[in-house]
Amino acid sequence: MSVPLSQMWAVASYVLGQRLRGRRRYPLVLMLEPLFRCNLACAGCGKIQYPPQILRKHLSVEQCLAAVEECGAPMVSIPGGEPLMYPEIGRLVRELVLRRKYVYLCTNALLLGQKLAEGLFEPSRYLSFSVHMDGLREEHDEAVCRAGVWDDAVAGIREALRRGFRVTTNTTLFEGANPLRMREFFDAMMDLGVEGMMISPGYSYSKAPDQEHFLRRRRAHELFARMLANPSRRWKFNQSPLFLQFLMGKQDFECTPWGNPTYNMFGWQRPCYLLQEGYASSFAELMETTRWEQYGRRSGNEKCRDCMVHCGYEPTAVHHAFASWRGLRDTVVATVTGRL
Amino acid sequence: MPDETTLEGWAPEIGGGLTLAEVVERAFDYRGNVTVVRTDGAEVEGYLFNRAREVPAPFVQMYDRNGDGPLTILYAEIRAIRFTGKDMAAGNSYAAWLRARDAAKTTSGAPPAAGA
Ligand code: SF4
Ligand code: SF4
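Protein chains in written order, with my numbering: chain A, 1 to 340; chain B, 1 to 116.
Okay, chain A solo, but in the shape it has when bound (with noise of 0.2 Å):
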C-alpha cells in the first residue's frame, strides 16, 4: 500500500464518522468530470461518443465546487475526456487543495510536462497525477490507438515527479491481458518512481448464459490471481488491498455504486460511473431516488452480472475494512506484510 498516512487518515476518520451516524449509503470519492473532450480517441472509450456541441462544452469551475460542496466526499477524482484540456483546471484544483480535497487529476499525460512548464500546478499532498498507463509500451500504445503515447506519457511522468509531485497509475484490463507482462509492468513503474498503482478490470457488458457469466468472473479472477500473486515487496498499490484480494477471487463483495458518485454537466450520474440510466438534478436527490436494489451483481441486473471495476467494488473494499474485525485484521495484515 503506498496511500501516505495524512490521506488514510483522512478517509479512517470519515468513514467512521459516517458509520457513527449511522449512514447506510456515503460517498468516498466524487468522480468529477468538467468535460468530455479528449486529445485520445481510444478504442470504445464512450466517454468521448458525443456530438461535437456537448465535446465543445464544459463545467465552470463554480459548478464543480458546488458539486463538491454537496457531495462532501474526501476524495475527488477528475477523470474526463482530458481534464489538463479543460481551461479552468489549474484554479480548480487549486480550489480543491484549498478544502482539503485529496485529488486525482487523471490524465492520459500527453499534455503534462506542458502545463508543469506553464506553472498550472503546485506540488501538495493533496494532489496526485493519475497517469492513463495500460501496460508496457507495446500494450498501452495499442490500448490507446496511436504510437508513441507511452513515452509521451512516461516523460511526462517523470517531469511530475522531478518536480516533485505525487504521481500514481491507474490501468485498466480486459481478457487477454498477459499477467507476466504486467508483472513486468509493474516493475517498470516501480522502477519509474510513482507512489503508488492502482488497477481495475475494464467493463463490459453482453448478454450471456448465466455459464457464461460464471466462467468470465472465474476467467477474470485468474487473470488477477497469477499477476498478483507473490507480489514484489517493491510493488506499491495506491488502493484498499481487499479489493485487490476480491479481484483474485479471495473477497467476495457487492457493488456500492453511491461510493463514487459521478457528476458532470448533465447531472448526478445513475447509478454509477460506466452506466449511465439517467441524471438527477441533486446529489440528495441521486441518493434518494436511485433504485440501489436493481444494480450489483446480486441484484440480477444483466448489466451488472460481469462487472468488477473499481469504482463499484474499491469503496465497498474500504467500507468492509471498517465495517468488521475481520475487515481491519485483512487490511492491516496486508498493509503490514505486503501479502495479497
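What the hints contain is simulated information worked out from the structure, not anything from laboratory work.
Remember, predicted model here, so these are calculated numbers, not experimental data.
Quick reminder that beta carbons are idealized off the backbone N, C-alpha and C, glycines included.
Any given hint could turn out to be false.
As the list claims (entries may be wrong) - To give a feel for the contact side, a few chain A residues facing chain B, derived at Cβ under 10 Å:
no.	residue
1	Arg-56
2	Gly-202
3	Gln-276
4	Thr-289
5	Trp-292
6	Gln-294
Starting from the structure of chain A, add chain B with the ligands where the hints point.
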C-alpha cells in the same frame, strides 16, 4: 452485431405498436443529435441526455445544437422524434476496433488508425 447497428436516420411513427416512451428510450441511448417535434409543430434539434419517466409529468432534457440548455420538454408536448444527427458511437466499440486491428494486421501488418 449490436455495436454496429445504428438508428441514424430513423424517423419512427409513434402509435401502431411503438409508443412515445419507447422512442424516447431509444433517443436517450442514442449518441447523436435528435430532432424533437413538438405538438405545436415547432422543432428542436440537439442532444437528448436525460429523461424522467416515473414522475407525475414525464419529461426529457436536451442541449440544443449550439450546446445551449438544458431545455426541458414534457412527454405530453412531443409529437415525434427523428434521429437526425450522426451516431457518434456507431462502429466505435472496442470489439469493432479489435476486429479492424486483426484485419489490418493480416493484410498489412499495421494497426488501424486511432478512432477506427
Ligand atoms: S484517454 Fe481516456 S478519455 Fe481519452 S479517449 Fe482514451 S480512455 Fe477516453
Ligand atoms: S456492478 Fe458495475 S455496472 Fe453495476 S452498478 Fe456497480 S459499478 Fe455500475
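Status of the hints after comparison with the structure:
no.: 1; hint: Arg-56; in the structure: holds (6 Å)
no.: 2; hint: Gly-202; in the structure: holds (8 Å)
no.: 3; hint: Gln-276; in the structure: holds (9 Å)
no.: 4; hint: Thr-289; in the structure: holds (9 Å)
no.: 5; hint: Trp-292; in the structure: violated (15 Å)
no.: 6; hint: Gln-294; in the structure: violated (12 Å)
Checked against the numbered hints given earlier, this structure breaks hints 5, 6; the rest are met.
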